[in-house]
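Line by line, the protein sequences are chains G and A.
Under this note's numbering, residue 459 is the last one in the first sequence; the count climbs by one each step, no gaps.
Under this note's numbering, residue 917 is the last one in the second sequence; the count climbs by one each step, no gaps.
For the record, the hints were derived by calculation from the structure and aren't laboratory data.
Cβ coordinates follow ideal geometry from the N, Cα and C atoms, glycine included.
Mixed in with the good hints there might be a few duds.
[What the hints assert, rightly or not] Here are some of the chain G residues that sit facing chain A, going by a computed Cβ distance under 10 Å:
no.	residue
1	Lys27
2	Ala29
3	Ala30
4	Val32
5	Ile79
6	Ala83
7	Ser104
8	Asp106
9	Leu202
10	Arg203
11	Cys286
12	Gly296
13	Thr307
14	Ala325
15	Gly326
16	Glu438
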Amino acid sequence: MASGMQAVRSSAPALKRQSMPRAKRAAIVGIPAFFVLAITGSASFGLVIAALIFCALYIPAWKTLPAGKWVVPLGILLIAILYPIYQPNLFDVLVFGNFPSVDTGVSMMIFIMMALGLNIVVGYAGLLDLGYVAFYAIGAYTVAWFASQHFNGVTLHVGSVGVAESTPGIHISIWIVLIVAGIFATISGVLIGFPTLRLRGDYLAIVTLGFGEIMPQIANNGDNLFGHNITNGPQGINPIDPPGFGNTLHNAVGLPTDFQSSINSTRLFYWTALLLVVLTAFCSARLRDSRLGRAWIAIREDETAAAAMGVPLMRTKTWAYAGGAFFGGVAGAYYGSFKGGTFPGDFYFNISVFILCMVILGGMGNIWGVILGAAFLSYLNFEGLANIGAWMNANGVSSFFFGGDIDVPLYTSGIFGIILVLTMLFRPEGLIPSERRKQEFQEGVHDQPLYDLEHE
Amino acid sequence: MADLLTAEGVRKEFGGLVAVNDVDFTIPERTIVSLIGPNGAGKTTFFNMLTGVYKPTAGQIVFDGHDVTGRPPHVVTTYGIGRTFQNIRLFQSMTALENVLVGMHARLKGGILRAVFKPPSLKREEKAAREKAHDLLEFSGLKGHDDEYARNLSYGDQRRLEVARALATEPKLLLLDEPTAGMNPQETAEFTGFVADLRANQGLTVLMIEHDMRVVMGISERVTVLDYGEKIAEGTPQEVQSDERVIEAYLGTAAVS
């Protein structure tokens, strides 16, 4: 008790001391930004509240207080939880326009989940996986098989909601299918990992690239796989059952029967997705700080030394693959249920690269960084670029530069390429780098140039 | 004294090059054995076969009752062979403490599910491991460096950390590959004392590759000399020092006087 009191007393001046530079920094950047937003966007009450919340979270050095490390994460979580409620009253931002809709929010959450999964493979274990979309596809097809009318030869209902008892096909509760999808993806991760993880570096990247290419081909041509219709080919499989809690729980505790027919459908999907993201982030953090997490970093740094210290290389790498695959699978299954269908077009190679971009932009190995990178890039993809395009067309920017209106979302891949190049040039360690990566980039990598170019 | 490690007819070929040519070799328990020879004599190749990095072309290696010939490195480490590297191979972006914890990998439990759910047993295990790692660092002369990144340690301290990390694997046999390379005379003397102490107090057996003859002659009971992949001499430091072939191949006349 006494030591606790002492901790509080000694941390109070530290809090004040460390908060001052943050307040200055916030003022230098924040005040002009606030006025730009207020003048150009719609100056609203919401803007003031947003600014106040930002200051409250950013300026005080919460970490100096006991248990203070939870303040900022919980604050951000609260902002995310309440988003669907205050979203309609938010102010407009210059160029970007509206804040993302709740619907876009769900997609963003799903991509955050996948980026966190890939972060385990790439960020922690340092295995460059260019075929991550394969796990996403396996998750999505798992939900399509076990919660739709695809296999209409059988009629099996296990806790399904939103479909009549007599509907043919396998209908299993989405909550169960999410876990099953994760497990299926994990198994496939182990199977793919077994032959590929013996390879190092570039070779691994090329082989995973191959698997990433094979996946949409199987999905596309799977309507007649040795005489069986597995994926229903290019038409995809739909409709997929929605998640929900069924009548019993609805009548007892008021939980929604099924998400799709609920009035707040999008909000329900949003909150569930947010819960999945929190669980993923939690697992990522636990893994990072575990014995396994240390072994991953050791392998990334030096395989030979790691093996000599008793780390079994194949098994440890396979666990990284399996862990990453699990979250990819769950994300894929949830996306299938959210969209109500699974289509081969969702699993092309560019999605793998897209998710990798999120991890690199945000900061490999850092959970907050990856969340930020994934949220930003998926926002641009789903809504942001369209908004920017609309603004450019409306304000004559397009006609000035390009001589007419342009359709900005058409150039998505190119724009992401530019973002990636700029990241590599100006902040190669990512927006929020992990402490380790920062070290690596500050010190430089092992291939030093033969002589210093600046002295030429 | 029983032999902790026996190597019989161990041979390694890289294409047409015979790096190690049918070497027989034993290490008695609780001894300090040195492996010397000119550059390119096959010393490190021999080391790498003992630790499973290379698979011998022919021959058999038995360690502590286990046939370790061609077993992967992590298995060999589990049996009780710990090693350091000729060129320091620490995990540079990990702290000193984390480096030692990686060394304990095989001695700890905790798979992917326990890592996520973190039951009390795991928490206890982690806490004990951290305390032990802390003690090992202190024992190896790295007191107060727990949270420093390996890359920020001085050269001598990095060498020490390599040894601490190898000790964390709980070895019966410690292999040191040129441990005093780049150390100044005082550091070398300290290190020699440290190794002698490891054997005396921890009951470790040590095999080291070393070029510094003062170290070799000072603490080893037995010296084996390799040249062009072949064992040309073996015996006490005095015997080896006066061996004609050794003088010719390696030591030169200065070492005799």
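Status of each hint after checking the structure:
1. Taking 10 Å as the C-beta contact cut-off toward chain A, the hint placing Lys27/G at the interface is violated, the least distance being around 29 Å.
2. At its closest, the beta carbon of Ala29/G sits 30 Å from a beta carbon of chain A; the interface hint therefore is violated under the 10 Å criterion.
3. Nearest Cβ of chain A to the Cβ of Ala30/G: about 33 Å, over the 10 Å cut. The hint is violated.
4. Look at Val32/G: its Cβ only gets to about 30 Å from chain A, farther than 10 Å, so that hint breaks.
5. The interface hint given for Ile79/G is broken, as the beta carbon of that residue sits about 22 Å from the closest beta carbon of chain A, more than 10 Å.
6. Against a cut-off of 10 Å between C-beta atoms, the interface hint on Ala83/G is violated, since the closest Cβ of chain A lies about 22 Å away.
7. The beta carbon of Ser104/G is not positioned within 10 Å of any beta carbon in chain A (closest approach about 33 Å), and the interface hint is therefore violated.
8. The restraint placing Asp106/G at the interface with chain A is violated, with a minimum CB-CB distance near 31 Å, outside the 10 Å limit.
9. Interface restraint check for Leu202/G: the shortest CB-CB distance to chain A comes to about 16 Å, outside 10 Å, so the restraint is violated.
10. Given the 10 Å rule on beta carbons, the hint for Arg203/G is violated: about 15 Å separates it from the nearest Cβ of chain A.
11. For Cys286/G, the interface hint holds, the least distance from its beta-carbon to any beta-carbon of chain A being 5 Å, beneath 10 Å.
12. The interface hint given for Gly296/G holds, since its Cβ lies 7 Å from the closest Cβ of chain A, which is under the 10 Å cut-off.
13. Checking Thr307/G against chain A: minimum C-beta separation of about 7 Å stays under 10 Å; hint holds.
14. Satisfaction of the interface hint for Ala325/G is found here, the shortest Cβ-Cβ separation to chain A being roughly 7 Å, below the 10 Å cut-off.
15. Taking 10 Å as the C-beta cut-off, the interface hint given for Gly326/G holds, the closest approach to chain A being about 6 Å.
16. Checking Glu438/G against chain A by beta carbon gives a least distance of about 8 Å; that is within 10 Å, so the hint holds.
Violation of the numbered hints given earlier is confined to hints 1, 2, 3, 4, 5, 6, 7, 8, 9 and 10; the remaining hints are satisfied by the structure.
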